[in-house]
Structures are given as structure tokens and as C-alpha cells.
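*Asks:* Here's the letter readout for the chains.
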Amino acid sequence: MTLPATIPLLGFAWDDLLFMTLAGIMILCALAVVGMRDIIRSGLAMIICFAALAGLYVLAGAPVVAAAQVLVYIGAISVLVLFAIMLTQTKDAPRALVFQTQVVPAGIASAVLAVLIAITVAATDWPTAGARLWTNTTELAKTLFADFTLPFEVVSVLLLSAVIGGVFLAKRERGAD
Amino acid sequence: MLSVLNGLSQSLDAYLILSGILFAIGSFGFLARRNAISMLMSIELMLNAVNLAIISFGAFSLSLKVDASVIALIVMAAAAAEATVGLAIVIAIYRNKKTPLVDEYDAMRQ
Numbered sequence: 001m002t003l004p005a006t007i008p009l010l011g012f013a014w015d016d017l018l019f020m021t022l023a024g025i026m027i028l029c030a031l032a033v034v035g036m037r038d039i040i041r042s043g044l045a046m047i048i049c050f051a052a053l054a055g056l057y058v059l060a061g062a063p064v065v066a067a068a069q070v071l072v073y074i075g076a077i078s079v080l081v082l083f084a085i086m087l088t089q090t091k092d093a094p095r096a097l098v099f100q101t102q103v104v105p106a107g108i109a110s111a112v113l114a115v116l117i118a119i120t121v122a123a124t125d126w127p128t129a130g131a132r133l134w135t136n137t138t139e140l141a142k143t144l145f146a147d148f149t150l151p152f153e154v155v156s157v158l159l160l161s162a163v164i165g166g167v168f169l170a171k172r173e174r175g176a177d
Numbered sequence: 001m002l003s004v005l006n007g008l009s010q011s012l013d014a015y016l017i018l019s020g021i022l023f024a025i026g027s028f029g030f031l032a033r034r035n036a037i038s039m040l041m042s043i044e045l046m047l048n049a050v051n052l053a054i055i056s057f058g059a060f061s062l063s064l065k066v067d068a069s070v071i072a073l074i075v076m077a078a079a080a081a082e083a084t085v086g087l088a089i090v091i092a093i094y095r096n097k098k099t100p101l102v103d104e105y106d107a108m109r110q
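So the sequence lines, in the order shown, correspond to chains V and G.
Quick note: the first sequence uses the working numbering, first residue 1, plus one each step.
Quick note: the second sequence uses the working numbering, first residue 1, plus one each step.
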């Protein structure tokens, strides 16, 4: 069984429906991340936001980056954030105020930023290839390990130093408390 | 009416505006939340927005096609390092001050 070329009642392509669904999920979950009172819930909403973003990467033709997004963000960073949330929860935290006193200016500034970016994007005439391109994994590997060898090695050193630094900073000092 | 939405996934503008909205949401969370970990999560949202912009440029521009994925992967690794160190710093401060709320970190003011 094959799908019809366009969605039966609405009349646009399946890719567009997928894009709108993923974009909607992503925006709603991002709003939940910044707006929810219970911080554990905002951590869980962040995981869904990252998953929708991985779907958008596949839609934009970058499957390797989508896989890395699932592994790094959903698999590692989210778990790290959830652990940190659980280590720093206080009894009165859910009842305390969620936002700073500057919440209204911050909201205005962010809305202005979003509108400015949208206007700039719409006003610029991007030199595009016309249609989406699919990134070939073999090409990507050749570029990553031939042209970008030095950044690749520097990133591995950066990750090692970040791990050592994280352990050192979070370690309980002997003798103190 | 729905014809406006036609070809949305084939236009660079849609991806870039989406990433702009995600960046703005992240910046709002960073400016407005009181909890230090919420602020770090907002930074992650902003980094993801930038990554989405890089990937969408790569998807629509022939000369950036492969490089964009490489840059996005490197940004991702840098974000992981940032999250590690940032959360370790928050936990270290929490151990001393017993609160994750940033507006109660006022030792420099006293």
C-alpha cells in the first residue's frame, strides 16, 4: 500500500504536515521548559523538545546529526540535567516564585528578538539550492576525518578536560561538611 | 487558505524562523527564570536553535552541505562540555548556599 502524494483533505505534502507537527511539538515543549512551575516537568518537556528537533534534523536531510542529537542530548545531557535537578531540589522550591522580577521586560525583549529574526529572515534573499539536499554519511565521514581533523581532535581534548573539570568541581571536599 | 502552508518544509525561511522562535524562547527562559538549572536548560534550548539554523543552511545550500553537519556535531560536543561544567558549578554552589535560586546568590553584595 502506498500513500497518496498529498494529504487527502488538506491538500499539501506529507513533509509539510510532518514539519508543522514537529515544529508545533517543539515550540510547545520549549514553552513548557521555560514556563512550568515544577522543574522536573520542564526537564521532561526538554527531552520531548530535543526529540522533535531530531525529527526536524532528519526532515532537513541530516540523519547523522539527528542520531547524534538523540545520543548526546536525549541520552546524556537530559539525564545529567535530571540528576542535577534531583540533587538540588529543596522542600519549598515548588512553592517559590518561578520567575525573577524582570519577567515582563524579559518577555518583551524576547518577543522583539523573535520578530526581528523573522523580519530579517523574510527580508533576506538567501542563495539557496532550491530544494532540500540529503547529506551523504560517507561524504560526511570523509569531511570530518580529512578536512576537519584538527577541530575533531581539539573537541576530544575539550570533552576530556570538561569531564575532569566537572568531576573536580562537583566533588565533595574531604574534611568539609 | 491552507495554501500558505504549502511547501513549508521546502523553504529555508520556515526553518530559520522556527529556529529564531526557539532561540527567543530560550533567551526568555535565561532572563526570567530564578532556578539556575532552568537557566542552563534555556541555554541548551538556545544552542539547539543555533544548531537547527546551521543544519537548515546546510540543507539548502550546496556549498555548505557537508560542512554544516560537521559544524553542528562540533557545536553539540561543545554544548555537552558546557552542560557538564555548568551543572557541576551549580551543584558546587548548591552545596555551599543550600538553594538553587540565582537571586539568593548575593555573597558579593554583602
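Read the hints as simulated data drawn from the structure, not as lab findings.
Ideal Cβ placement from N, Cα and C applies to all residues, glycine included.
A couple of the hints might just be wrong.
[To be verified] Now the in silico label distances, taken between C-beta atoms and shown as ranges:
1) V:K142 <-> G:Y105: 31 to 37 angstroms
2) G:M108 <-> V:I27: 25 to 31 angstroms
3) G:D103 <-> V:S161: 42 to 48 angstroms
4) G:N6 <-> V:T149: 42 to 48 angstroms
5) V:T101 <-> G:M108: 17 to 23 angstroms
6) V:V163 <-> G:Y105: 22 to 28 angstroms
7) G:Y105 <-> V:G107: 21 to 27 angstroms
8) G:N96 <-> V:T138: 48 to 54 angstroms
*Asks:* A separate judgement is required for each hint: does it hold in the structure or not?
*Replies:* For each hint, the structure was consulted:
no.	hint	verdict
1	V:K142 <-> G:Y105: 31 to 37 angstroms	48 angstroms, violated
2	G:M108 <-> V:I27: 25 to 31 angstroms	37 angstroms, violated
3	G:D103 <-> V:S161: 42 to 48 angstroms	31 angstroms, violated
4	G:N6 <-> V:T149: 42 to 48 angstroms	43 angstroms, holds
5	V:T101 <-> G:M108: 17 to 23 angstroms	19 angstroms, holds
6	V:V163 <-> G:Y105: 22 to 28 angstroms	25 angstroms, holds
7	G:Y105 <-> V:G107: 21 to 27 angstroms	23 angstroms, holds
8	G:N96 <-> V:T138: 48 to 54 angstroms	51 angstroms, holds
When the structure is compared with the earlier hints, violations turn up for hints 1, 2, 3 and for no others.
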